[in-house]
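J.: Guided by the hints, dock chain B with the ligands onto chain A, whose structure is given.
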Amino acid sequence: MMTPQTLVRARNLNVKFVSRDATVHAVNGVDFDLAEREVLCILGESGSGKSVTLRAIMGLNPRAKTVMSGELKLCGEDVIAASEARMSALRGRQASMIFQEPMTALDPVFTIGRQIAETIVRHEGVSYKAAMARALELLELVQIPSAKRRLEAYPHELSGGLRQRAMIAIALSCRPKLLLADEPTTALDATVQIQILLLLRRLQQELGMGVIFVTHDLGVAGEIADRIAVMYAGRFVEEGPVRDVMRAPLHPYAQGLLGATVHAGLRGKRLTTIPGAPPDLRDLPTRCAFAPRCPMVENACRSAVPELRGPEPGRAARCIHVAQAAQAA
Amino acid sequence: MLKYILRRIAYAIPIALSVSVVCFMLVHIAPGDPIDAIVPPDTPKDVVEQVRKDYGLDKPLPIQYAVWLGHVLQGDLGRSIATRRPVAGDLILAARKTFVLALTAAMFGFAIGIFLGSLAAFFKGTWIDRLAVSFAVGGVSVPHYWLGMVMVIFFSVLMNVFPAMGAGPGDWQWDWQHIQYLILPALTLSCTPIGLLTRTVRGIVSEILNQDFVTTLRGKGLRNRTMMLHVVKNAAPTILAVMGLQLGYLMGGSILVETIFSWPGTGSMLNAAIFRRDIPVIQGATLVLAMFFVMLNLIVDIMQTMIDPRIVRK
Ligand SMILES: Nc1ncnc2c1ncn2[C@@H]1O[C@H](COP(=O)(O)OP(=O)(O)OP(=O)(O)O)[C@@H](O)[C@H]1O
Ligand SMILES: [Mg+2]
Numbered sequence: 104m105m106t107p108q109t110l111v112r113a114r115n116l117n118v119k120f121v122s123r124d125a126t127v128h129a130v131n132g133v134d135f136d137l138a139e140r141e142v143l144c145i146l147g148e149s150g151s152g153k154s155v156t157l158r159a160i161m162g163l164n165p166r167a168k169t170v171m172s173g174e175l176k177l178c179g180e181d182v183i184a185a186s187e188a189r190m191s192a193l194r195g196r197q198a199s200m201i202f203q204e205p206m207t208a209l210d211p212v213f214t215i216g217r218q219i220a221e222t223i224v225r226h227e228g229v230s231y232k233a234a235m236a237r238a239l240e241l242l243e244l245v246q247i248p249s250a251k252r253r254l255e256a257y258p259h260e261l262s263g264g265l266r267q268r269a270m271i272a273i274a275l276s277c278r279p280k281l282l283l284a285d286e287p288t289t290a291l292d293a294t295v296q297i298q299i300l301l302l303l304r305r306l307q308q309e310l311g312m313g314v315i316f317v318t319h320d321l322g323v324a325g326e327i328a329d330r331i332a333v334m335y336a337g338r339f340v341e342e343g344p345v346r347d348v349m350r351a352p353l354h355p356y357a358q359g360l361l362g363a364t365v366h367a368g369l370r371g372k373r374l375t376t377i378p379g380a381p382p383d384l385r386d387l388p389t390r391c392a393f394a395p396r397c398p399m400v401e402n403a404c405r406s407a408v409p410e411l412r413g414p415e416p417g418r419a420a421r422c423i424h425v426a427q428a429a430q431a432a
Numbered sequence: 007m008l009k010y011i012l013r014r015i016a017y018a019i020p021i022a023l024s025v026s027v028v029c030f031m032l033v034h035i036a037p038g039d040p041i042d043a044i045v046p047p048d049t050p051k052d053v054v055e056q057v058r059k060d061y062g063l064d065k066p067l068p069i070q071y072a073v074w075l076g077h078v079l080q081g082d083l084g085r086s087i088a089t090r091r092p093v094a095g096d097l098i099l100a101a102r103k104t105f106v107l108a109l110t111a112a113m114f115g116f117a118i119g120i121f122l123g124s125l126a127a128f129f130k131g132t133w134i135d136r137l138a139v140s141f142a143v144g145g146v147s148v149p150h151y152w153l154g155m156v157m158v159i160f161f162s163v164l165m166n167v168f169p170a171m172g173a174g175p176g177d178w179q180w181d182w183q184h185i186q187y188l189i190l191p192a193l194t195l196s197c198t199p200i201g202l203l204t205r206t207v208r209g210i211v212s213e214i215l216n217q218d219f220v221t222t223l224r225g226k227g228l229r230n231r232t233m234m235l236h237v238v239k240n241a242a243p244t245i246l247a248v249m250g251l252q253l254g255y256l257m258g259g260s261i262l263v264e265t266i267f268s269w270p271g272t273g274s275m276l277n278a279a280i281f282r283r284d285i286p287v288i289q290g291a292t293l294v295l296a297m298f299f300v301m302l303n304l305i306v307d308i309m310q311t312m313i314d315p316r317i318v319r320k
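Residue numbers (this note's numbering), protein chains in the order written: chain A, 104 to 432; chain B, 7 to 320.
Only chain A is shown next, with the shape it has when bound in the complex:
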């Protein structure tokens, strides 16, 4: 066995969007590593910067107004410094991305087969005909029934579930090492959600991909993740192995999030909600961003943004109430 290589390495990653009226601080100091074959789930409420983080890894945020700083490496390539040409050689080949809305994420006027084949032609330089043959295999891989006929179909002729399968086929067409999935099941019916999830998990294991999976659904996270990161106001406020975080979250926000969702571990307990709203990313405070909503808030929370503290190896949270283990310093 080879030793696992690092697919993604982020250190103090910042992403902001600069426009004439405002600067949106979407990602504010994110650190993490993703090893080969590892599955990381990012949880967090709407607007916490999950999608921006994924797009940053691919270099897909709008070039003109995006400012990135810190360190961000994708398969060894420095994403922040890389030219568009270098990034486009990585995209679809080393790393692929799938999106929430399979209808709008596919080009409506090109056939499914064509949209798969063009990626293969781009990265592997094979003929269009050979690429189409590969496209057929891919449709079979993602278990689309009557795949041959579907090759000639247009996106609007497929159901939501089949469209998402086609989207996955496109993403996997060049056997990438990393798959970024941005809420790939949110727009689908419950039964279809489970099918897609099972498919993704199977493909992840068969192809040995690293996956970063964004979701609102804790159940989904528990199902497929190795590790979980909880995102709030553009920061990872907690990160750790899936079982530990689910069983005993450290950060008050993560505790609230787990309390606000129905899942098996909560049977018999009361559902709680987190009062208040996330902060305005245009004007980020220099304190714990969760403080105004936190039940455990004290004066020290308002003096600075809390550092990541690790009570035990592999776990970390940005909260002053979390004990700092001596060896993790």
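Keep in mind that the hints were calculated from the coordinates and are not lab data. Incorrect hints may have been included.
Derived list of chain A stretches under chain B, where covered just means 3 residues or more per stretch with a C-beta under 8 Å from a C-beta of chain B [what the hints assert, rightly or not]:
#: 1; region: 196-206
#: 2; region: 383-394
Straight-line alpha carbon distances no greater than 27 Å define the calculated DSS-like cross-link-like pairs of lysine-lysine that follow [unchecked claim]:
#: 3; chain 1: B; residue 1: Lys51; chain 2: B; residue 2: Lys65
#: 4; chain 1: A; residue 1: Lys176; chain 2: A; residue 2: Lys280
#: 5; chain 1: A; residue 1: Lys232; chain 2: A; residue 2: Lys176
#: 6; chain 1: A; residue 1: Lys232; chain 2: B; residue 2: Lys239
#: 7; chain 1: A; residue 1: Lys251; chain 2: B; residue 2: Lys239
#: 8; chain 1: B; residue 1: Lys239; chain 2: B; residue 2: Lys130
#: 9; chain 1: A; residue 1: Lys232; chain 2: A; residue 2: Lys251
#: 10; chain 1: A; residue 1: Lys168; chain 2: B; residue 2: Lys130
#: 11; chain 1: B; residue 1: Lys9; chain 2: B; residue 2: Lys239
Note that beta-carbon positions come from the ideal geometry of N, C-alpha and C, so glycine has one too.
T.: Just chain B with the ligands now, with coordinates in the frame of chain A:
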């Protein structure tokens, strides 16, 4: 697909018929007795009635229409009251000249408009965009007669590089002797399509560039020229529709420009005929222009269906 095209053509027939009714009625709806145009004002009453009979103007309207349509279908648009020559022959010559002018103006306008519009969309919010948009607004706002006049004063009178009026000697030919006559009116006429196309293309292309699937395409690592193919195919149906309409308007709407430059096309012909109440010419010219419009719509429709799979073809 062929079946669909045939069906579309079949659908166009009732439209064409209604258009012909409107063309026919136009003259009868307009105030004044058409007979006044034929006979001098002080003609005795019985002579007027005789002329009315000769021209068939005494029969009920439906009969007049049926007779007229019958002739039209045989390519006979009657004789001009003013010149006594068959309308069809003159009209074909004029229509050919108008077509040359409209097509040139359209091609030039479409090319510039599509170029500026795409440029504006790709550089949205920059000075390039603002420049292109101002150009577009100018293009649709500037009055043709004013611009035509300025063109004539500048290029013909002061600089003496292009002739000010006419379409060159004899029949139209694509040689410099004739083309030099075409340049000023075509430039004047192309202002509107430049403006409209710039605006439309900018709107549709920037809308497409903002769609999710473009992020997917970038996420696949596609090269720019492959991406362009996607943008073009998505934008084509809308842009084709606008181009078709514009070409139709240019064919029918060049009256002012043709008059200013004395371009011997259907516009000039129609203009003269209206002042003389030359009914057969008015009817014939309107009919030919309207039919051209119907045909253009048909072509655009079929092309859209061929490009966009979401338009159902049954
Ligand atoms: N291109 C952009 N320009 C300006 N602001 C942006 C842009 N993209 C995202 N943002 C802002 O960045 C913040 C984070 O957005 P992001 O899409 O990452 O949220 P999210 O966590 O994915 O939420 P959701 O669960 O709703 O998808 C939001 O406030 C959003 O308005
Ligand atoms: Mg999102």
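J.: Each hint should be assessed against the structure and marked as holding or not.
T.: These are the hints, each one checked on the structure:
1. Coverage of the region 196-206 of chain A by chain B holds. Counting CB-CB distances below 8 Å, 5 residues qualify, and the rule asks for three or more.
2. Coverage of a stretch by a chain is defined here by at least three residues with a beta carbon nearer than 8 Å to that chain's beta carbons; for the region 383-394 of chain A and chain B the count is 0, and the condition is violated.
3. Our distance criterion of 27 Å between C-alpha atoms is met by B:Lys51 and B:Lys65, whose separation comes to about 18 Å.
4. Simply put, A:Lys176 and A:Lys280 have alpha-carbon atoms about 14 Å apart, close enough for the 27 Å limit, and the pair holds.
5. Restraint check for A:Lys232 and A:Lys176: the C-alpha separation of about 35 Å exceeds 27 Å, so the hint is violated.
6. Distance check on the hinted pair: A:Lys232 and B:Lys239 sit about 21 Å apart at the alpha-carbon level, within 27 Å; holds.
7. Restraint check: the Cα-Cα separation between A:Lys251 and B:Lys239 comes to about 24 Å, which is no more than 27 Å; the hinted pair holds.
8. A distance of roughly 20 Å separates the Cα atoms of B:Lys239 and B:Lys130; the hinted pair therefore holds under the 27 Å criterion.
9. Our distance criterion of 27 Å between C-alpha atoms is met by A:Lys232 and A:Lys251, whose separation comes to about 14 Å.
10. A hinted pair counts as satisfied when its Cα atoms are at most 27 Å apart, and A:Lys168 with B:Lys130 qualifies at roughly 12 Å.
11. Using a Cα cut-off of 27 Å, the hinted pair B:Lys9 and B:Lys239 holds, with the two alpha carbons roughly 24 Å apart.
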